[in-house]
Amino acid sequence: MSKLTMVEAINLALSEEMERDENVCMLGEDIGVNGGVFRATKDLQKKYGEERVMDTPLAECGIVGTAIGMAVYGVRPVVEIQFSGFTMQAFDQIEQNMARLRNRTRGKYNIPIVLRTPFGGGIRAVEHHSESREAYWAHTPGLKVVIPSGPRNARALLAAAIREDDPIIFYEPKAVYRAFREDVPDKPEIMEIGKAEVVRTGKDITLISYGAMMRPCKEAVNDLADDHGIDVELIDLLTISPMDTETLAASVQKTGRCIIVHEGQRTCGVAAEIIARLNEVVFEFLEAPIKRITGFDIPFPYFQVEEHFLPESEEIILAIKDTIDWQ
Amino acid sequence: MSKLTMVEAINLALSEEMERDENVCMLGEDIGVNGGVFRATKDLQKKYGEERVMDTPLAECGIVGTAIGMAVYGVRPVVEIQFSGFTMQAFDQIEQNMARLRNRTRGKYNIPIVLRTPFGGGIRAVEHHSESREAYWAHTPGLKVVIPSGPRNARALLAAAIREDDPIIFYEPKAVYRAFREDVPDKPEIMEIGKAEVVRTGKDITLISYGAMMRPCKEAVNDLADDHGIDVELIDLLTISPMDTETLAASVQKTGRCIIVHEGQRTCGVAAEIIARLNEVVFEFLEAPIKRITGFDIPFPYFQVEEHFLPESEEIILAIKDTIDWQ
Amino acid sequence: MAFQEHEKKKTTSSEEVVSPNTPSAMHTSPIDLGHIEVLQILNEHGEVDSGLEPDFSDEKLLEVYRSMVLARAFDKRMMTMQRQGRMGTFAPNIGQEACIVGQVTSLTKDDWFSPSYRSFGAQIMRGWSMKHLMRLWAGFHDGFPPPKDVNDLPFSIVIGSHVLPAVGIGMGMNYKKKRDCVLVNYGDGASSQGAVSEALNFAAVYKAPVIFICENNGWAISTPTKKQSANEVLATHGVAHGMPSIRVDGNDILAMMCATKEATNRARNGEGPTFIEAITYRMSLHTTADDPKVYRNDEEVKVWESRCPIKRFETYLTNKGILDADSIEKMVTSCNDEAIQARDAFYAMPPADPTEIFDHLFNTIPEELQKQKEEYLKRLHQKGVDE
Amino acid sequence: MAFQEHEKKKTTSSEEVVSPNTPSAMHTSPIDLGHIEVLQILNEHGEVDSGLEPDFSDEKLLEVYRSMVLARAFDKRMMTMQRQGRMGTFAPNIGQEACIVGQVTSLTKDDWFSPSYRSFGAQIMRGWSMKHLMRLWAGFHDGFPPPKDVNDLPFSIVIGSHVLPAVGIGMGMNYKKKRDCVLVNYGDGASSQGAVSEALNFAAVYKAPVIFICENNGWAISTPTKKQSANEVLATHGVAHGMPSIRVDGNDILAMMCATKEATNRARNGEGPTFIEAITYRMSLHTTADDPKVYRNDEEVKVWESRCPIKRFETYLTNKGILDADSIEKMVTSCNDEAIQARDAFYAMPPADPTEIFDHLFNTIPEELQKQKEEYLKRLHQKGVDE
Ligand SMILES: Cc1ncc(C[n+]2csc(CCOP(=O)(O)OP(=O)(O)O)c2C)c(N)n1
Ligand SMILES: Cc1ncc(C[n+]2csc(CCOP(=O)(O)OP(=O)(O)O)c2C)c(N)n1
Ligand SMILES: [Mg+2]
Ligand SMILES: [Mg+2]
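Protein chains in written order, with our numbering: chain A, 1 to 327; chain E, 1 to 327; chain L, 1 to 387; chain H, 1 to 387.
The shape of chain A in the complex, shown without the other chains (with noise of 0.2 Å):
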């Protein structure tokens, strides 16, 4: 067992994975002397050499375009992209190869690609390095979308992602990146993909988020549980897509009330996906609307005021209290 940051348990995934595999090489810029503008590679282009940690020129969607030939050729490519951002330039290869070649082949080339790239807001940074459009993947056929929330889950998850054969886009909650220490085992570890986890159980209502707004979310059903003897679900999502509706579904099931709670825009969002397909399965089980608490319909604000963009625990707090109350 060692305490470690995101960043470190995500260095230390990817250096597992390279030693376990040699067909495991990672692509991005800055990551080889650098170690990656967040150091999430450090050290590892001293240890696996140039050939298995490329520097790129840059170019995302040079670097997700070629990645793609790479793993069409058996080799299984981790891409860093140096922020999320910084994926529309790779939108093309994404949505037109990464997602479909596969399919297009009828399954005669994989595409094992793991894109890692830091999201999120939090860090006081300027336009365009902290966004949150996971719902752009969730919408594309062919992704596999993760979101880790600690160092352990991010250790776990990555390694996961690194064996599956489909591609995945790994979003990072950057906000977490050095937030806190967490216990992360000295053997490796392996998360199934495509599982949420109920974090607490509860009986009085549902909150599902993932990512960095698992923060305040805890922080929320603390709060309840100590000041309001309210006993709320929580559901770290872990995986957006495909989604794991039985895991939500079973919840809301029984507490019949449910918040869901992510940065990213609201319109077409992860929200809007989850609360229509609890309107699909557990209709009959809701008490009360679907609350949703997201980022709004704007580009992430810069950073003297992006503080109130971001949810907080007060406001879930509120919502909470207003679910239950509703009727």
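Quick caveat, the hints were computed from the structure, so don't treat them as lab data. A portion of the hints provided could be inaccurate.
Claimed, not checked - Some, not all, of what chain H presents toward chain L, calculated at C-beta under 7 Å:
| id | residue |
| --- | --- |
| 1 | Pro30 |
| 2 | Asp32 |
| 3 | Leu33 |
| 4 | Thr236 |
| 5 | His237 |
| 6 | Ala240 |
| 7 | His241 |
Said to hold, decoys possible - With a straight-line cut-off of 25 Å between C-alpha atoms, the simulated PhoX-like cross-links for lysine-lysine are:
| id | chain 1 | residue 1 | chain 2 | residue 2 |
| --- | --- | --- | --- | --- |
| 8 | H | Lys373 | A | Lys321 |
| 9 | H | Lys383 | H | Lys373 |
| 10 | E | Lys46 | H | Lys176 |
The beta carbon of each residue, even a glycine, is placed where N, CA and C say it ideally should be.
We have chain A already, so just place chains E, L and H with the ligands on it with the hints.
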């Protein structure tokens, strides 16, 4: 009045707007001498010259990116992307500049661009030529997304879009291009963007759709009225974003039941958003789960089997009956 | 061949140039960009430049000739089928047979090929049966996967989007220390796509064993090359990214064979990518959905008829004594027959299976998608579509 | 200047080349790519090439000199503020002042400028107050709109994404028959972005009045130019797209002024775009979030210190009798003071208004968004944030 196809009506609107305002210009691949691969820009270069109807190099990112600059400079570009699948090539410019440059400059620069592009299936085209990805744009703050369903509203909405000072994604349902003719008034006509249209009032259930899917919806509505005495309220969304929640909510408040039909993929699609909103505002009036009949979460299939991917009236009829019977 | 020499020269001159982050003084002497060699071995009249004439075996030459004739026969058959409503929209390769067939003549089974949609002749040479290609263009899912043992990507529909993956395959070869290579072709239109520039850059930076064939056939649908680029010498794109670059007469099969042979040798020797601009001409429609009469005049087409790559090669082979009028006729007949047989075999194939469209997106179909599949199967059942 | 002649030469040679869709015979003679001129007027020691020395007025030279000194003073002030936690992450321009200031010296108020994030000196010259720039980099929304009457785009954060819009502005000038021009700068790293290639192509095809300044400062964060491109002469990118292209000593202010003057003249005369590769060096951190010690050695930096653009210019101006040790010192002090005053003015500005983040996305806030704004205002209210 003349009876026009949708593609003729679009051509008419383009011509009228270029006539009206000399700052309106057009950029796109093969839109000049060739008149566009669907002939939507037929004869416009002859009429307005090469400087106003510009054939571009084969680079969608280039087209959108330069149109943004022209817009900043006070020109009003109407961009044609040959098929909506190729807007992926311009995703970065759309998301990072077209949708945001006004916000970034706090209104100093307007971006009056209309990005026209044919979308949807049903014409037996090759891969990437049948995409319906309107949800990407609805999820992107700063864009308006407009989708006509017939010749007359295509002409009136396109004219309105060209006169707007904000960027608009104008998705043209190519299956409708030549599907039928409709009376189009001689005088230019404008339809307000942002308003859904109640195409038929009814009391039993609300059916919401847009674009080419209005056809099977209308068929279903007629069959249900004729054969089953079911009175459906049919709404044509027309503007996907910003969404006319009010009109939708008013209808569902009355009927208590709702079905949404679109071709686009399901997860985080437009139907999910509609369900989320109705859940928020008319939860207490809902008498059955809202159903969505949408594209599946797979790439649009190749044309030998595409007909099975697209929703048809039989299925809509069944879904409506199911929803009405639900308890 | 000439362009290797040129490459040497260029390297020398670029070594003189100051490397900005190497602490050396600023050079002020002009930087010589060198030349782009232009290669033609058989001229329009089928006359051979004896100084450049390669010594391919008669069998090889005949095999290549037959491939060109077959490509044309296939094209014609497809066009007939399309006009009869029994084929989807497709892009004829007529007039470009030398370029298309010639480019793959130096590839082995271990090499990879990433073609554009206008590559019938090459795909047949690579081992795609005509029946399979018909299946593909008729919109059947099972037409897309390349045949077993054929290392190809399926053809690219999104212009330019296949070039980066091709470079990635080359990078994979380096990664796995294989001495094979990848060949990718794309058009003058595609050369405008930013992703293609990025591909050139990555290939050069990583010395990936890639051969780029830029098929400059004068048109991108209705857009002539001179409106596509202010520098009509598209080979300059290769130079800009620091790789040996050459312009080749794409209607001259010998030039195409020689240029690609040299390029594949370079690639296998670890010398990195090569850029080949092939000048050719799209004789027919852009695709069957296109009407070139709207945007180009017949005279231009006529001039290019006289540069026909097949006729030119016939003249050469006849002069060489390998062919005569009789054997030409026989060859044409046998190719036409083969295309007709392929058509018949294609018509005899089973209808599309509508049920499998969910099955290949992921290695294992996720539970949620499985539910959608069941919904879909129910739909098929309600429609009475046999499974 | 030399590179116009070069341009003429190139045009002639490229006319010889067969235009693929023009019915002419295939040329087989090699295509001469010509030369890229390299311009330096002041060498590292501040010695002037008298044959090339321009005749700018003393006032102009002093104004430009002061702008360079001010740019450096501003940089230093920002660095201090950043280290004190009172400024956001930013990208210092130290060492690149000749390149950055020089490039805008020929622009008028009617021209447009589309800068990268490393363009303080140029932005100040264009009319941005230092206080305004501080506001921008400190993350205030009101820092982003260019000042009234300043025709700039806000600086680009997404590498290369501002180049296409800049070209579009040039196309707009053509559309509106204006004889102005646009200048856009970007780095060696940005040169790898496909969108930048597309921008060069569009500019050349439409003969847009655009000046491209590729600031080759040796590094893109930790990536040296030689890993960015196999052809380190980035000016070749301009050649590939068919525009006059030159390499300039970017630490030589006179060369920068002359090269851009000529380019703006060309643009205004309807002769289209120009590509200028400026060789310079990033002396400091990539941004304040970066630690260059991890990836580059100090010796390289030291060598470039000796090529300091400000010192070099000082030597020249001193030799010319326009400056002396005393006036230099005064200038430095006055610039430092100006930066301090800007800082104080910035500190005195009101805090950010959190309520306006919904107001500028659209011309009229849509009803649905208005509802979200109200939700947000309620949140602010609950948090006790004063409006
Ligand atoms: C990204 C993208 N944009 C547009 C199209 C539509 N389109 C198909 S072929 C074509 C022209 C291609 O020209 P070129 O690259 O010269 O190849 P050629 O057809 O001449 O072989 C266009 C514009 C497309 N398929 N993909
Ligand atoms: C599209 C995109 N990718 C990555 C980044 C992160 N990034 C910021 S600056 C930079 C390096 C830029 O280098 P260069 O273009 O040479 O400019 P310089 O910083 O040297 O002035 C990178 C990779 C970004 N801002 N945008
Ligand atoms: Mg072409
Ligand atoms: Mg740089």
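Cross-check of the supplied hints:
1. About 4 Å separates the beta-carbon of proline 30(H) from the nearest beta-carbon of chain L, less than 7 Å, and the hint is met.
2. For aspartate 32(H), the shortest C-beta to C-beta distance to chain L is roughly 6 Å, which falls under 7 Å, so the interface hint holds.
3. With a least beta-carbon distance of about 4 Å to chain L, the hint placing leucine 33(H) at the interface is held under the 7 Å criterion.
4. A least Cβ separation of about 4 Å between threonine 236(H) and chain L falls short of the 7 Å threshold, and the interface hint therefore holds.
5. Proximity of histidine 237(H) to chain L holds as hinted, the smallest CB-CB distance being about 5 Å (cut-off 7 Å).
6. Among the interface hints, the one on alanine 240(H) holds; its C-beta lies about 4 Å from the nearest C-beta in chain L, closer than the 7 Å criterion.
7. Because the smallest distance between the Cβ of histidine 241(H) and any Cβ of chain L comes to about 6 Å, under 7 Å, the interface hint for this residue holds.
8. With a C-alpha separation of about 22 Å, the suggested pairing of lysine 373(H) with lysine 321(A) holds against the 25 Å cut-off.
9. About 15 Å separates the Cα atoms of lysine 383(H) and lysine 373(H), which keeps this hinted pair within 25 Å; it holds.
10. At roughly 20 Å between alpha-carbon atoms, lysine 46(E) and lysine 176(H) fall within 25 Å of each other, so this suggested pair holds.
Checked against the numbered hints above, the structure violates none of them.
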